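I would like the entire structure built from these sequences, with the hints used as guidance.
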Amino acid sequence: MADPSVRSAPPRATARRRVLALAAAPLLAAGGCAGPRERADAVGAPATPASAPATLPRDPVRAALLLDRVAGGASPATMRELAALGEARWLDGQLRADPSAPMPAAVAARLEAMPLAREPLDARLAELAGRRRAFAALPDEAARVEARRGYQQALAAHGREAASRTLLRALHSPAPLLEQMTWFWTNHFSVFAGKLDLRAMVGDLEERAIRPHALGRFRDLLGAVVRHPAMLRYLDNERNAAGRLNENFARELLELHTLGVDGGYSQADVQELARVLTGVGIAVPGREPALSPSMRALHVREAGFEFVPSRHDFGDKRVLGRTIRGRGLAELDEVLDLLVEHPSTARHVARRIAAFLVADAPDPALVARLADAFAASGGDVAAVLRALFDAPAFEASLGTKFKDPMRWVVSAVRLGGEDATPADPTPMLGWLLRLGQPPFGRVTPDGWPLDEASWAGSGQLATRFEIARAIGARTPARLGGEVFDRAIRPRAAPATLDALARAGAAAEWNALLLSSPEFMRR
Amino acid sequence: MHRRTLLRTAAAAPLAIGAPRLWAAPAADARLLVVFLRGGYDAASLLVPASSPFLAEARPTIAVAPPGAGADGALPLDADWALHPALRDSLHRLWLDGRVAFVPFAGTRDLSRSHFETQDGIERGLPDGRGGDRRSGFLNRLAAAVGGAAPIAFADRLPVAFRGELAVPNLAVRTAVQPAVDARQRALIGAMYAGTALERPVADGFEVRETAMRETAGDAAAAEARATGRDALPARGFEQEARRIGRLMRERYSIGLVDVGGWDTHVGQAPLLAARFGELGRGLAALQDAMGPAWARTVVVVVSEFGRTFRENGNRGTDHGHGTAFVVLGGAVRGGRIVGEQVRVARETLHQDRDFPVLNEYRAVLGGLLARLHGLDAARLDAIFPGAVPVDLGLV
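These protein sequences, in sequence, are chains A and B.
If you read the first sequence in the numbering used here, its first letter stands for residue 58, the second for the next number, and so on.
If you read the second sequence in the numbering used here, its first letter stands for residue 1401, the second for the next number, and so on.
No lab work stands behind these hints: they were computed from the structure.
Warning: the hint list may mix true and false statements.
What the hints assert, rightly or not - Which chain B residues stay away from chain A? Per the calculated CB distances, all over 12 Å, these:
id	residue
1	Ala-1458
2	Gly-1547
3	Arg-1586
4	Glu-1639
5	Gly-1717
What the hints assert, rightly or not - In silico lysine to aspartate or glutamate, DMTMM-like type, Cα no more than 20 Å apart, as pairs:
id	chain 1	residue 1	chain 2	residue 2
6	A	Lys-252	A	Glu-184
7	A	Lys-252	B	Glu-1607
8	A	Lys-252	A	Glu-218
9	A	Lys-252	A	Asp-179
10	A	Lys-252	B	Asp-1659
11	A	Lys-252	A	Asp-503
Note that the structure is predicted; figures quoted are calculated from it, not measured.
Glycine is no exception: its CB is placed at the ideal position from the N, C-alpha and C atoms.
Now the structure itself:
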């Protein structure tokens, strides 16, 4: 596939070994004591200002394939970064990305202008609850309808804001792997924004519960999600109380979030876990529960979350063979520890990550290797990803995985490069809706499927070709520029190049490129 | 009781494959639409076991009111069963016309109570355990077995039931199709995919869109005409989808599947279900209307992955259960009957003291139905539902 005319391209195997050798090593300071091979790669990095900055990595075809897989698409900017740092250091930096690191200034300004950045979730929920009370109390029917419409518009704005944040970051973040994994976990812990007032919560779920832990410890991630009002409302746990059990969340927590459906739990485990989860719910704005002094000590209320002891079942429970002594919210942490330490969870999470980043049906040996990395690191996501990037199966799979709509749309826009002003995500939301994968729009808690069979149907392809025209017409120039010439063209099939050669204006050329078989895969 | 005994006897008779068929639509002309209610709908609210004293005890706040309780009361079907009142103008009319049958206590042997596991299992249609080709679904195998079949999935994504060797197109009917890619570009795109694994779906995608555009072109005009009427609201949701499906199946497609979601009612289910059943019924009526003369050769099967707990939970909802009820309707259906193995609904007869039991395994029921509808012999039926013993409920 690689064009022989790309003279400086090192053989694949060498490139991979370099990644492996360095990915496991401590981070080298830029321009520091890099080994000889690494120094060769770092030509053009800030440490060697004398030479002209490289705009493309030495093996651009391979670099673009790697970025398609781990960064959501090759953009001119990420190609430059990769050229400057070399693959190993770029990847290592991605794995260590700081979720609180700033975005590019123009993107940061857009994000900070959004209400979510300034408004704590509990205040937002209180405001919405106040509106609901207010319009219910209106005596006049017409006024009630009007107030309800205003409320719905506020909710819709919150939902658009959340989806726009996701897309802006997916396009422009200096840490694209972090954004990819944020999407992955948001999908792993999928909630549906269309339920009740969840549109006001999903942005916060991503921002404060998921993204900070997307490359961190799975236990921290799980703990944050399990306490988030969006999840507690979506899976009805706010209604789950002693003597009035609702097992919805307990079941999905075992089946989808931790052990997996074949993970070795029973209906009795579901019911016992549901008892552990009694009283775990959402703070009602402006209302404190009436509690006896002994219960008051066990009451927890923070950022929209609330544990109400008087709704909790204080009996002992038996989950997965372990007796959980009834004592309040501490039971939940004990059970989450138990679930995270369970070997089925390591396997389930490993399989899900491999299905996202390697292949639809990942090799069991690879899954076992990643599960070992999960267990050995105490559930460290970055450690699992290092093991994954290290695996020959990862290398061999580059360019073969079919893109789901999010990957396809984002990679198409990324290929167009970044202007001084960030892209407007609004049209992208429309495209994702038409392609059947709107952000936070999965109705069921299993998250979007990521396999080819789900997304390569005739209807999906026809819609992609239509949207390719819309994307292609957004820019007067051909997409990709040098990235196309040096990273995509060399591996394109003759039929694709032939079709491109017959294209009329740039808009049509772009539409054909985005419609090509090569662009459907990552 | 007498009637039930009779039906049970009929149900127990294995399908006499190869025997002369008394009533079956010509195989080539038959239309089959599977409506999959995703989320596990509460069968006990649709097909209400009205004669069971246990119903009110198990569901103190959410039981559908018995027949005779005014407009909110269930619509009696026979001495034991009644229909949710939201289906008065749709399924109940079909019942009176003898064009809808119900199969209570239907479902799978799967006990995971997982939506996703159970849905996938049903769509694959394989025996319990790991046998068979897990990459193909039963509707794909059916389409391959029926000569001249034109299958289609009315969905954003190709459902498991239609995956497999035969290339089956899919089309989202939520939104109307608009023209976008011109003929020259279609040819250029087609050339890029020539000889690749996606060649066929790419070609199908263009073809299906042309057909859909042709057949649903009247949408906008029809909606406008309705909106000018005093009391008419434009069709929405499933009703609108079903109308488009009806047009496409009347003209072009013979085996279809459509998903209807929103049935996972863990909380406050009574008002939710009244709305969902109403929409489902309006959709099925719209489908019948749009199918025109093809309705006479049509069978619609409404299925769901499982039923829900017979007792209500702590939140006026229900949790994941086991046995469900299938609804079989259409111009080709011998309806007005409640068929299959049955049992008195009582505490003692619940499965695991919790759910409806499964007495009518879905592969046996659907196998028997499809064998009749499409005139399939034992070998072809075994390719669709390997190892299943079809049961003839005389549905067509």
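Hints versus structure:
With a least CB separation of 15 Å from chain A, Ala-1458 of chain B remains clear of the 12 Å interface cut-off, as annotated. Listed as a non-interface residue, Gly-1547 of chain B keeps its Cβ farther than 12 Å from every Cβ of chain A; the least gap is roughly 22 Å. The Cβ of Arg-1586 of chain B sits about 8 Å from the closest Cβ of chain A, inside the 12 Å cut-off, so the non-interface label is violated. Its beta-carbon lying about 19 Å from the closest one in chain A, Glu-1639 of chain B satisfies the requirement of being farther than 12 Å from that chain.
Taking the minimum C-beta to C-beta distance to chain A, about 7 Å, the non-interface status of Gly-1717 of chain B is violated against the 12 Å cut. With a C-alpha separation of about 18 Å, the suggested pair Lys-252 of chain A and Glu-184 of chain A falls inside the 20 Å cut-off, and the hint holds. A threshold of 20 Å between alpha carbons decides the hint, and for Lys-252 of chain A with Glu-1607 of chain B the separation of about 36 Å lies outside it, so the pair is violated. For the proposed pair Lys-252 of chain A and Glu-218 of chain A, the alpha carbon gap of about 17 Å is at most 20 Å, so the pair holds.
The straight-line distance between the Cα atoms of Lys-252 of chain A and Asp-179 of chain A is roughly 18 Å, inside the 20 Å bound, and the hint therefore holds. Between Lys-252 of chain A and Asp-1659 of chain B the CA atoms are separated by roughly 19 Å; this keeps the pair inside 20 Å, and the hint holds. Only pairs whose Cα atoms come within 20 Å are accepted, and Lys-252 of chain A paired with Asp-503 of chain A is accepted, the gap being roughly 15 Å.
Comparing the model with each earlier hint shows violations of hints 3, 5 and 7; every other hint is respected.
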